[in-house]
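Enquirer: Residue numbers (the numbering used here), protein chains in the order written: chain A, 1 to 346; chain B, 1 to 346; chain C, 1 to 346; chain D, 1 to 346.
Heads up, some of the hints might be wrong.
No farther apart than 27 Å at their CA atoms in a straight line, the calculated lysine-lysine pairs in the DSS-like style are these [as the list claims (entries may be wrong)]:
id : chain 1 : residue 1 : chain 2 : residue 2
1  : C       : K3        : A       : K336
2  : D       : K3        : D       : K64
3  : D       : K251      : B       : K3
Negatives, chain B to chain C, calculated, CB over 10 Å [as the list claims (entries may be wrong)]:
id : residue
4  : R35
5  : K285
6  : D300
7  : L309
What follows is a list of derived Cβ distance ranges for each label pair [unchecked claim]:
id : chain 1 : residue 1 : chain 2 : residue 2 : range
8  : B       : P23       : D       : I260      : 57 to 67 Å
9  : B       : E256      : C       : E63       : 46 to 56 Å
10 : C       : A188      : D       : K336      : 21 to 31 Å
11 : B       : D258      : C       : A90       : 53 to 63 Å
12 : C       : A119      : B       : E278      : 28 to 38 Å
13 : A       : M1        : D       : E301      : 16 to 26 Å
14 : B       : N225      : D       : M1        : 25 to 35 Å
15 : B       : V190      : D       : S189      : 35 to 45 Å
16 : C       : E261      : B       : V190      : 31 to 41 Å
17 : B       : D258      : D       : E83       : 51 to 61 Å
18 : D       : E83       : B       : Q264      : 25 to 35 Å
19 : A       : E117      : B       : P23       : 34 to 44 Å
In short, the hints are calculated from the structure, not lab data.
Each residue gets a CB set at the ideal place from its N, CA and C atoms; glycine is no exception.
Take a look at the letters that make up each chain.
There are 4 protein chains.
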Amino acid sequence: MIKVSIIGATGYTGSELLRYLIPHQEVELAHLTSRSHVNTEVDVYYPFLKGSIDKQFTELEPEKLFNDSDVVFICLPHGHSMELAAAASAYDVKVIDLGADFRLKNIDVYEQTYKVEQAAPNLLKDFVYGLPEKYRADIKTAKYIANPGCFVTSALLGLLPAVNNALVDEQSIIIDSKTGVSGAGRSASVDKLLAELMSNFKAYNPLGHRHIPEIEQELNSSSENAVQVQFTPHLIPTERGIFSTIYATVKDGVTETDIIESYQQAYQDEPFVQILNEGELPQMKHVAGTNNCQIAVQLDERTNRLIVLSIIDNLGKGAAGQAVQNMNIMFGLPEKSGLNTIAMMP
Amino acid sequence: MIKVSIIGATGYTGSELLRYLIPHQEVELAHLTSRSHVNTEVDVYYPFLKGSIDKQFTELEPEKLFNDSDVVFICLPHGHSMELAAAASAYDVKVIDLGADFRLKNIDVYEQTYKVEQAAPNLLKDFVYGLPEKYRADIKTAKYIANPGCFVTSALLGLLPAVNNALVDEQSIIIDSKTGVSGAGRSASVDKLLAELMSNFKAYNPLGHRHIPEIEQELNSSSENAVQVQFTPHLIPTERGIFSTIYATVKDGVTETDIIESYQQAYQDEPFVQILNEGELPQMKHVAGTNNCQIAVQLDERTNRLIVLSIIDNLGKGAAGQAVQNMNIMFGLPEKSGLNTIAMMP
Amino acid sequence: MIKVSIIGATGYTGSELLRYLIPHQEVELAHLTSRSHVNTEVDVYYPFLKGSIDKQFTELEPEKLFNDSDVVFICLPHGHSMELAAAASAYDVKVIDLGADFRLKNIDVYEQTYKVEQAAPNLLKDFVYGLPEKYRADIKTAKYIANPGCFVTSALLGLLPAVNNALVDEQSIIIDSKTGVSGAGRSASVDKLLAELMSNFKAYNPLGHRHIPEIEQELNSSSENAVQVQFTPHLIPTERGIFSTIYATVKDGVTETDIIESYQQAYQDEPFVQILNEGELPQMKHVAGTNNCQIAVQLDERTNRLIVLSIIDNLGKGAAGQAVQNMNIMFGLPEKSGLNTIAMMP
Amino acid sequence: MIKVSIIGATGYTGSELLRYLIPHQEVELAHLTSRSHVNTEVDVYYPFLKGSIDKQFTELEPEKLFNDSDVVFICLPHGHSMELAAAASAYDVKVIDLGADFRLKNIDVYEQTYKVEQAAPNLLKDFVYGLPEKYRADIKTAKYIANPGCFVTSALLGLLPAVNNALVDEQSIIIDSKTGVSGAGRSASVDKLLAELMSNFKAYNPLGHRHIPEIEQELNSSSENAVQVQFTPHLIPTERGIFSTIYATVKDGVTETDIIESYQQAYQDEPFVQILNEGELPQMKHVAGTNNCQIAVQLDERTNRLIVLSIIDNLGKGAAGQAVQNMNIMFGLPEKSGLNTIAMMP
C-alpha cells in the first residue's frame, strides 16, 4: 500500500483527490492537513464522504508528514509549495504539486506571472512537468512532479499533435476556453455566488491569464518554430468542466488525413485520451468526474483552419485525476488504478 | 413627481427597487445611499443599468435625505432601521422599511426572534403592515410601512382566505416553501457559491425560521381560533422565486366550492393576485421579475386536506415589488404604476 | 462472473445500470437490448462510456437472452414487464424489474393506478419487493424482484422506523418531495426542455401521483394501524436527486430520544443509509451518483411534529443503484460491490 | 394606435414579441395566429401573461389579417415567409419577417444554405435588412424588413466599426459564439432536455452554420476588401443570451486609440448599443430580456489582435427586440418605445 498525504485538503482539488484516492485499492491515506479545520472529522466537513472515510484533518507537521508518506500531494495556492518542496528533499518521499510554483522553467517568467519570488530555483530541474502524454518516461523516475494547469492540459492535449508535426502556423493559434466555476476555487466572493453567475456567461482575463506562458512553454518545447497563442478563458454557469475551442491555420500542403492520423497516432495508446470519430462532437459533461480527455478534430477547408474541440474535467484530467495518474506512473501501477470512474449522464 | 430615496441601495432588494423605479413615470430618484460604494456611478456598480441611470451612490446623510425625499425605502439588515425611522419622524417623508424591524407587533417576540433590542417601541403603532390585500385602507394614510417578509407574503396570500373564513383546522397548517437563493442576500459566503448550490437542494432552519412568528401574527389577527403553523424553507438552485406548498386539514362540512369561492372573492379585485383555473398548476418562473402572485387551490377529498400552491418572486411581491405597490397606494397612484412588467419565458 | 442483461438499455435507468455494472468486478455484460438502436455501438449512443465498453445494442430475443443470462434487469415502461416475467419463469434466470408492474400486490389497485390489466397475476406472489432495508431475507432467495419506485424509496426509508414503532399518528403523514428531472425519463417533450424548466419550479400530480398506493402498501404492511399519506412531488431544475421533506404528528408520550434511537437502530447495519448527527442537514447533491440515502430526523417540540429529511439519487438508490444492491444480495456478494462510488462535489 | 399581428405566435420569438408589445403604449394587438392552438386563450397557453392579455389565438386568414393590421410580424421557420410576403404586397401593411427567407440577397446562396427554393425572388429588392445601426435610413421608409439572425446581430455589431474602417485583416476574423438554448426553438427533442444540457456545454455545426453567409454578406457590403469569417456556435446551459468572442488581426499602423474611437463614434447615438469602459467586461445576463447590446473592445498588443466581446439577448436584440425597434423606426416612433425594459439581476 502506498501511503499518501494531502497538504491543503479542504479545497476543491483536495476533495477531488479524496474522491479518487479513497476507492484506490493500492492507497492508504496518511495525513490530510488543513489550516482552518484541524481535528474536524473529514466526513463532517465533507458530508458527501460519509460512509467512505474515518479520519480527521490534521495540522501540517512537515517532518512527521514526510516520514509517514510515500507520496505527498500539495494543494496550496501558488507561492506556498516552494518551501515545502525544499523541505521534502531530505526525505524518501515523492511530491506532486498541484499548484503553479514549479510549472514554469523560466524563473523570470514565473516571477512576472505570479508576482512572487521563485524561492527554490535549484529544485526546478528536478521537477518533471506532469503531462504523461508528453513526459511519461520522465515521470516514471521522478521524485517531483509539477502537475499541469487545467486550461493548459486541455490546450496541450488539443494542440500537441498538430504542433509536434508542424501542421499549423505556430503564430495563428487561438484557444477559446470555457470552464465551470470550480476552477476559481472554494473561497467566498460575491462574483462566484450562484445568484450572480447562474444564467450568465462572461470572459475573464482575456489578455493576460497566467496559463498563457505555461501553454507557450510546452508548445515551444515541442516545436521547431516559435509558438505564440491567443488564450481567452470564459466562465460557464456550471460546477466543473473545461471546453476548449482551438483555431489554427493549416500549413500549405497539409491534408485532413495528415491531421487525423497525427492525432490518432499520438493518442492510440493513451488510456485517457479519446479522439472522436468523424461527425462526433464532444460534450463537456461526458468527461465530468473522470480523468478523460475527449477531442474532436476538423479541417475547415473553406477557411483552411484546423478546429479542435478538447474537453476535460478541470478537477479531473485538469487537476486531481492527472495527479493520481502521475502517482500511478511513479509507483509502477496500472495507470487506470483508481481512475476508472464513469461520468454521470444525465 | 415623487422624490424617492433608497437607503442601502447595493443589495438585491436595492437593485430590484431600481429596476421598478427607474421606468416608473411618477418617480424621480433623489438619493441612493451606500456605505461601501460612495461616489461610485450606479451603472458601473450595476452594469445591467447602463443606459438607464445617471447617478452616483452617496453617503447616508439623514437630514439631507429626509428633506429631499417624499418617500424613503430602507433596505438594511434588521436592527438598522429603528434609529432611522425615529429620525424620520421629524420630517415630512414617508418610510417603507423592507427589513424586519417593525413587522412584529409584540416586542418580546421581536427581540427573541431577531436577538436585538426594539429601540423604537413607540413607533410600532405607527407602522402599518404592508400587505395591501389585508391592510390597503390603512396603507393609504400611513406614514410608515413595514414591508412583509418574502416567505410570509407567499404564505399569507395562500392562506388568508381559508383562515379568514375558518375553512381549515388552524393547528394543522404546514407550509413547505422553496426559494431561489437571492433571498439569502448578496454577501459572500461559501455556502452560496454556484459550485456548492448548483444541482443541489437543501432545507435550512427547518424548525426555527424567523418568518414563523410573522406568519402566525398575521394569520392569528385574521382568525378567531389560535393558529399555529409548521414552516420549512428550502433552497432551489436558481436566482429568484418562492414556491410554497401549503397543507391544511379542512373543517367538517366545508366543500370544494366553499374553498374556491373564498379565494376568488378574496382576490377578485386584486391587481396582482391570480387564482388559477381548475387543472392549472403554477410554475415559479411565471411570476419572476413581477409583482404577481399566482395561486392554485385544490381539495384532496381522499385525505380531506386543502393543498394550496402559492408562487411569488421573492424580490418582487416578496420585497421590492410590494414596496412599490405600497408606495403607489400611499401616494394615490394606480397600483400598477411601474409594476406592469411581464415575466421572462423562457 | 455473473452474466447480466438489460432489457431497455437506452433510457436513463439503463445507462445508470451500465455506470454501476461496467466497473463491477463480478459482472459480465451479456445482452443490452433496444428497440430503436439495434446494432448501434453502445459508446456511440452513450459517448460518456467511450473507453469503458465495447458492445452493441441488440434486439430483444427472449429465449436467447434468458439462456445467456444469470440475471436480467428490465427497464421498460409499466405494462411491458408482465409478459417478459412470465416468459422468464421457464429459465434459470433471476429477474429484477425496475418498472411498476409487480410492485403493487393488490391487482385492483394496480389496474386502477396504471390503467392496464395485470396480465401475470399468478407471478405476483413470487415477486419480492426490493427494498433491502425491509425485505433483505426474502431478497436473498428470490427469483423475481420488484424494484421500488424512486419517490417511494425516499419516503419509506424516511418513515419506516417511525411507523414500525408506532411513533407517529398514521393519518397525519405528509410527504413533500422534490426531484430532479431525470425521473421523468428521456422521452422528448416541451415541458422537459431546459428552456422551460431552468430557473423554474413546479408541482405535478399533487393529488394523484402513482406512487401513493405503493407508499401506503409498504407503510401499512409495517403498521398495526391504517396509514394514509399525503404526497406531493415537485420538479427541481436539475438532473437528478430526490429530497423528501416528511411531516408527521408524534404520538403522546413519544420523546425525541425514542425517535432518534428508532432510526439509529433501524439503520445501524445498513451499508447505504446514513442517519445524520444532530444539527446536520442533508444536501441532495451529497448522494448524487451513489446508492446512498442520508436522513435527518428532528422533533419540533413547538408543534409536536416529526420532521424527516430524506435524500437519495432517483437513479441510484431510487432505481439502478438499488437494483444492483438487490442483485448483490441475490448472488451472495458483498452489498457494496460495484456501489462504492462517491458523489461529485462540487 | 398601430394595429399589430403576429403570424406564428406560439414559439419563443412570438411570446417575446408579446412581452414587448403588450406594454407598448402605441400598439394594439390585432391577430395572433397559431396552427395548433386556434381558439386557445393566450394566457392559458402562456400562463406568465395572466393579467396582461385577453385574446385568443386564431387561424391564419391572410386577407383578413392583412386588412386588419398596420404591421405583421412573421415568426415562422424558414421557407414559410415567401408566400405570405408576396400575398402582403397587395395590402397597405408592413411586414417584419423574423425568419431567414429574405436576409440573403444572393438567391443561390440562400437556396444552398437553406435547401429551399427562393419562391419570391422579385421581392428581395424590397426587403431592407433590419439592422438599424447600419440601415436606419432605409428602414424608415421600408414596407418589408428582413430581421437579422441572432448570432449575426451580435457578430455584426461587434465587427462593423472595425471592418468599416479597415482596421483588421478581413481574412483573419474568428467569431466564437455561445448562446442560451432558446435559440434552438421550442420544439421537443431529446438533445434540448434539461437532463441532457444542464452542467453541459457543446459546439454545434462548427463548420457550416447557416449564419455564416449572412455575416459575410453584411461585412462584405461594408468592406472594400473581401471578408471571410470563421464562426463556431456553442450552447450554454441557460435559457437565453448570446456571448460572442471575436478575434481579428489588426492591420499595420492601427492603434488602440483608432480602434476605440471607431467603436465610440459608430455607436455614440445608438440607443441600444453600449461600448464598455476600459477595464469593464460584459456579462451575458446584463442584457437578458432587453434590446441592448454591450460591447468590450481590447487590443492585445502581445499578439496584435483585436478582441471584441459582444453580448445580446438572442430573443431581444437578436430577434423580437430588434423587430420592435424596426417597427418603431418604420412608424416614426421613438426607438425606445416599449423597449425600456431593464435586465433582471440577479
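Enquirer: Hint by hint, say whether it matches the structure.
Expert: Do the hints match the structure? See the list:
no.: 1; hint: K3/C / K336/A; verdict: holds (24 Å)
no.: 2; hint: K3/D / K64/D; verdict: holds (13 Å)
no.: 3; hint: K251/D / K3/B; verdict: violated (52 Å)
no.: 4; hint: R35; verdict: holds (31 Å)
no.: 5; hint: K285; verdict: violated (4 Å)
no.: 6; hint: D300; verdict: violated (5 Å)
no.: 7; hint: L309; verdict: violated (6 Å)
no.: 8; hint: P23/B / I260/D: 57 to 67 Å; verdict: violated (31 Å)
no.: 9; hint: E256/B / E63/C: 46 to 56 Å; verdict: holds (54 Å)
no.: 10; hint: A188/C / K336/D: 21 to 31 Å; verdict: violated (39 Å)
no.: 11; hint: D258/B / A90/C: 53 to 63 Å; verdict: holds (59 Å)
no.: 12; hint: A119/C / E278/B: 28 to 38 Å; verdict: holds (35 Å)
no.: 13; hint: M1/A / E301/D: 16 to 26 Å; verdict: violated (54 Å)
no.: 14; hint: N225/B / M1/D: 25 to 35 Å; verdict: violated (53 Å)
no.: 15; hint: V190/B / S189/D: 35 to 45 Å; verdict: holds (38 Å)
no.: 16; hint: E261/C / V190/B: 31 to 41 Å; verdict: holds (34 Å)
no.: 17; hint: D258/B / E83/D: 51 to 61 Å; verdict: holds (55 Å)
no.: 18; hint: E83/D / Q264/B: 25 to 35 Å; verdict: violated (46 Å)
no.: 19; hint: E117/A / P23/B: 34 to 44 Å; verdict: violated (54 Å)
Checked against the numbered hints given earlier, the structure breaks hints 3, 5, 6, 7, 8, 10, 13, 14, 18, 19 and satisfies all the rest.
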